[in-house]
Every structure is written in C-alpha cells, then in structure tokens.
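S.K.: Residues in the sequence shown are numbered from 2 upward in steps of one, following the numbering used here.
Note that these hints are calculated values from the structure, not bench results.
Heads up, a few of these hints could be off.
[Unchecked claim] Under the rule of at most 20 Å between Cα atoms (straight-line distance), these lysine to any residue pairs were calculated in the SDA-like manner:
#	residue 1	residue 2
1	202	172
2	445	462
3	111	83
4	401	458
5	186	357
6	13	222
7	265	297
8	185	314
9	193	214
10	334	357
11	445	467
12	178	22
13	265	276
14	178	162
15	200	168
16	458	390
17	445	408
Since the model is a prediction, treat every value here as computed from it, not as a measurement.
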Amino acid sequence: MIKKLKSSLTAKIFLLTALLLTVCCVATYAFIAWLIPKTYSSQVDIKGAEMYAYEAAQELRHINIEDYPAQVQALQDMAQAQFGKDIELHIFNGAGYEIGLIDVLELTDKTISDYEAEERTQAYSFTFANNTDSYYLHYIDNSQAVNQAMEALGRVFPYLLVTVLLIALLTSFIYSKYITAPIKKINRASQKMATLDFKVKCGTNRTDELGGVSNNLNSLAEALSAALYELEQANAKLVDDISREKQMEEERTELFSAISHELKTPITIVKGQLQGMIAGVGRYKDRDTYLVQSLEAVTNLETMVKELLTVSRMETPGYACNREPFDLVDLIKRCLVAQEDLFIQKDMELVRNMPQTLIYMGDQQLLKRVCDNLRANALAYYPAGNSIIVNLGEDGTTAKFSIKNTGVHVDEGDLSRVFEAFFRADQSRNRQTGGSGLGLYIVKKILDLHGTQYSMKNTTGGVIFTILF
2 MIKKLKSSLT AKIFLLTALL LTVCCVATYA FIAWLIPKTY SSQVDIKGAE
52 MYAYEAAQEL RHINIEDYPA QVQALQDMAQ AQFGKDIELH IFNGAGYEIG
102 LIDVLELTDK TISDYEAEER TQAYSFTFAN NTDSYYLHYI DNSQAVNQAM
152 EALGRVFPYL LVTVLLIALL TSFIYSKYIT APIKKINRAS QKMATLDFKV
202 KCGTNRTDEL GGVSNNLNSL AEALSAALYE LEQANAKLVD DISREKQMEE
252 ERTELFSAIS HELKTPITIV KGQLQGMIAG VGRYKDRDTY LVQSLEAVTN
302 LETMVKELLT VSRMETPGYA CNREPFDLVD LIKRCLVAQE DLFIQKDMEL
352 VRNMPQTLIY MGDQQLLKRV CDNLRANALA YYPAGNSIIV NLGEDGTTAK
402 FSIKNTGVHV DEGDLSRVFE AFFRADQSRN RQTGGSGLGL YIVKKILDLH
452 GTQYSMKNTT GGVIFTILF
C-alpha cells in the first residue's frame with residue numbers, strides 16, 4: 002500500500018489536499034472558539050459599571066434587610082437596561098460566599114474565587130440599616146452568550162468534522178484528478194517516446210504550463226521522429242555503402258586475381274616464343290612465323306590492358322558519365338556499318354528495325370563502346386550463316402534496344418555469370434577468338450553508370466540481349 006502510494010502522484014495529491022483542507026477547517030474552528038470569548042469580553046463595559054456598583058452599595062446601606070429582594074431586583078434591572086444582560090449583580094457575605102438575590106440567608110454554591118477569571122467591578126462593601134453584618138457587591142460579566150456560543154460549537158463539532166472530512170475528500174478527489182489527468186497523458190506519451198515511438202500525440206487541451214509541456218512534448222516527438230527517420234535513412238545508406246564497398250572490394254580482388262591469371266598466359270607465350278627464336282631451337286628457327294604470332298599475342302595483351310584501364314577509370318570513386326543529348330539511331334547505324342564487311346565474310350544476315358531518329362541523354366562515347374562490344378560478341382562467338390537482328394523502338398518514355406543472335410544458345414547456368422570479368426562459357430573457343438573476357442563486363446559497368454535495365458537470355462531461336470534506356 003505504501004509502495005503504491007509512493008508511486009502514485011494522484012494518491013499523494015489527494016491525501017495532501019484532504020489533509021490540508023481538514024487542518025484548515027479544524028484550525029478555523031479552533032480560532033473561532035478562541036476568538037468568541039475574546040471578542041465578547043472586549044465588548045462588555047465593566048469600567049462604565051463601576052459607578053453603578055458604587056451607587057448600588059450606597060442604596061443598599063439605606064434600606065432594611067427586609068427590602069433587600071425588591072431593591073436588588075431594581076438595581077439589576079437598572080444595570081442591565083444600561084449594559085444589557087451580559088452583566089449581573091453578585092453579592093457576597095463577609096466570609097466570601099455568594100448570597101441569593103431574593104433571600105439574604107440563602108447561599109449559592111459559589112464563592113468570590115469562582116469569579117476571579119471573569120471581568121468585574123471593584124468590591125463595594127455595605128451594611129443594611131437594621132443589620133450590622135458586612136456585605137460587598139460586584140457587577141460581573143456573566144458570559145452567558147459566550148457560554149451558549151461555545152456550547153453550540155461543541156454540539157455541532159462532530160457534525161462539522163464529518164462534513165469537513167466529506168467535503169475535503171470530495172474536493173481532494175476532484176482536484177487531484179484535474180491536476181494529474183494531463184500529467185498522466187504526458188507520462189504515457191513519454192513512456193511511448195522512451196520506446197522510440199515518436200508518432201504519439203499528447204493532447205491535454207490546456208493553455209497553462211501543463212498545456213505548454215504537452216505542446217513541447219509533441220514538438221519534441223515530431224523533431225525526434227524526423228531525426229530518427231533521417232538517422233534510419235543515413236544508416237540504411239551507410240549499410241548500403243558498406244555492402245556496396247565490400248562487394249566492390251570482393252569484385253576488385255577477384256578482378257586482380259583474374260587479371261594476374263589472364264596476363265600470365267600471353268606473357269608466357271610471348272616469352273617462350275622469343276626465347277626459342279633467340280636460341281634458334283627447333284621450329285622456332287622460322288622466326289617470321291613466330292614473330293607474327295608473338296605480335297598477335299602482344300596485340301591481344303595491349304587490348305586487354307586498354308580494357309583494364311577503361312574498367313579502372315569507370316570504377317574510380319566519383320566517376321560520372323558525361324551526359325548529353327544525341328541520336329541513338331545514328332550511333333547504332335555507325336557502329337554496325339563500321340564492321341559490315343565482317344558480317345558479309347561470315348555470311349551473317351544483319352536485320353535492322355529502327356526509327357528514323359531517337360534522341361537520348363547519355364554519354365555517347367561510352368554507349369558506342371557498348372554497341373561495339375555487343376557487335377564484336379555477335380561476330381566472334383556465333384556461327385556463320387545465321388542472323389543478327391537489331392531492334393530499337395520507343396514505348397512511352399522508354400527506349401528498348403535489343404540485339405538477337407540466331408543459331409546458338411548459352412547454358413542457363415552461365416547466363417547469370419556472363420557479366421563477370423574474364424568469364425568464358427567456353428574457354429577454348431574464347432581463347433581461339435582472341436577475346437579478353439572483359440567485353441560484357443565493360444558493357445555492364447557502362448549501363449550501370451547510365452542507370453538502365455538490361456538482360457541476356459535464351460530465346461527459341463537463339464540469344465537476345467535487351468537494354469531499356
């Protein structure tokens with residue numbers, strides 16, 4: 002119970018408010034009880050009654066003891082007419098005992114000491130005309146109104162206490178709920194924010210300080226939500242960059258390994274041929290034949306180095322293609338016409354389906370390299386007597402280019418690897434044709450720079466390479 006009380010702000014405010022209200026009401030009651038006699042006593046004019054007390058003593062000295070009751074009643078009425086019923090005449094015998102106001106011989110149960118705390122006049126002594134016994138009198142504040150008020154307060158105190166407690170509890174309950182309701186909303190909102198849920202809204206509909214805290218919390222949630230979103234975006238980008246960097250590093254490692262392997266073969270061939278020709282051993286005595294072969298090997302090596310330099314330049318951080326508008330149809334036509342005689346020599350039919358013109362925004366030199374490599378692959382790796390079909394068309398905002406070779410297929414397992422550096426589906430055939438194994442790899446790099454979609458797949462009659470500009 003105590004633990005729950007310590008953890009509940011509503012319970013604390015409720016108990017504290019009820020206690021304060023109860024204490025305030027009890028203190029008010031005590032203050033009234035203390036103030037009533039003080040206020041009353043200050044209103045009784047005891048000093049003004051001194052003259053009446055003196056005159057009363059003089060009057061009683063001139064009467065017989067038998068006339069005492071009537072004379073005392075007259076003196077009492079005279080004083081009360083002047084000062085009200087809050088003052089009374091009290092007469093005491095010589096021994097200090099109070100005598101009755103009707104019979105001198107009748108004693109009350111009080112003495113002069115019982116009135117020591119009351120406001121009173123001085124004691125005025127007298128003797129009756131026919132009696133030698135000494136008496137003295139006082140006018141005394143009887144405090145009857147005060148006593149009645151105090152008795153009334155005492156009677157109503159239990160009821161007043163119950164009423165005060167009920168009002169205090171009810172008021173405290175309403176007050177604590179009113180005060181803590183927005184605080185509870187703010188607390189729930191902050192708990193959700195602690196779990197990184199910044200979509201929460203704390204609506205208190207108040208214009209005081211608690212309303213200001215609520216609005217500030219909402220603004221903080223929006224700011225943190227935006228910051229978290231930016232952080233997530235930055236983190237995702239960082240993860241993507243790290244992943245891409247890791248992939249590039251793996252590709253670079255694989256490329257270097259492939260380069261060392263690819264360069265080793267032609268260098269070994271040229272070196273062996275040159276050593277044989279220098280030594281004049283066996284068949285290498287025919288230097289003219291092997292010099293031509295060495296030159297071809299060196300030429301292939303030079304081509305490979307140039308392609309490696311192209312790849313290295315495109316993989317340089319910050320490298321971007323130089324985009325400008327140009328006629329894509331004109332570029333493809335010039336590329337095909339440049340090697341038209343080779344198509345004739347291999348008895349390959351070239352079919353072209355293209356519009357008159359098609360303007361594209363891209364790097365013309367790099368895309369020419371794509372066209373040259375695809376044309377070279379079509380001439381080098383596909384058998385004579387087949388067809389090469391080139392299509393270029395426009396579909397809305399997309400230009401679709403395709404080059405299809407007939408008469409041959411690529412193994413499905415090799416299709417996913419044709420864009421890898423130095424990958425050859427048929428090693429002997431590719432080496433015989435003199436290819437470097439970098440053609441489609443360079444095509445991939447250039448098309449990635451342009452952000453285009455591309456694919457290579459088998460069809461019913463052959464292989465088709467498609468690009469969506």
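S.K.: Look at each hint and say if it fits the structure.
M.R.: Now the hints, each set against the structure:
1. 202 with 172: Violated, at roughly 30 Å.
2. 445 with 462: Since the Cα atoms of residue 445 and residue 462 sit roughly 24 Å apart, the hinted pair is violated (cutoff 20 Å).
3. 111 with 83: Violated - the C-alpha atoms of residue 83 and residue 111 are around 26 Å apart, more than 20 Å.
4. 401 with 458: holds (15 Å)
5. 186 with 357: violated (70 Å)
6. 13 with 222: Judged against 20 Å, a Cα distance of about 29 Å means the pair is violated.
7. 265 with 297: holds (15 Å)
8. 185 with 314: Distance of about 63 Å is beyond 20 Å: violated.
9. 193 with 214: holds (16 Å)
10. 334 with 357: Roughly 11 Å between the alpha carbons, so the hint for residue 334 and residue 357 holds.
11. 445 with 467: holds (12 Å)
12. 178 with 22: Holds. Residue 178 to residue 22 sits at ~16 Å (cutoff 20 Å).
13. 265 with 276: Within the cut-off at roughly 16 Å; holds.
14. 178 with 162: At roughly 24 Å apart (the allowed maximum being 20 Å), residue 162 and residue 178 break the hint.
15. 200 with 168: Answer violated: residue 200 to residue 168 is near 41 Å, above 20 Å.
16. 458 with 390: Holds, at about 15 Å.
17. 445 with 408: The given pair, whose Cα atoms are some 24 Å apart, is violated under the 20 Å limit.
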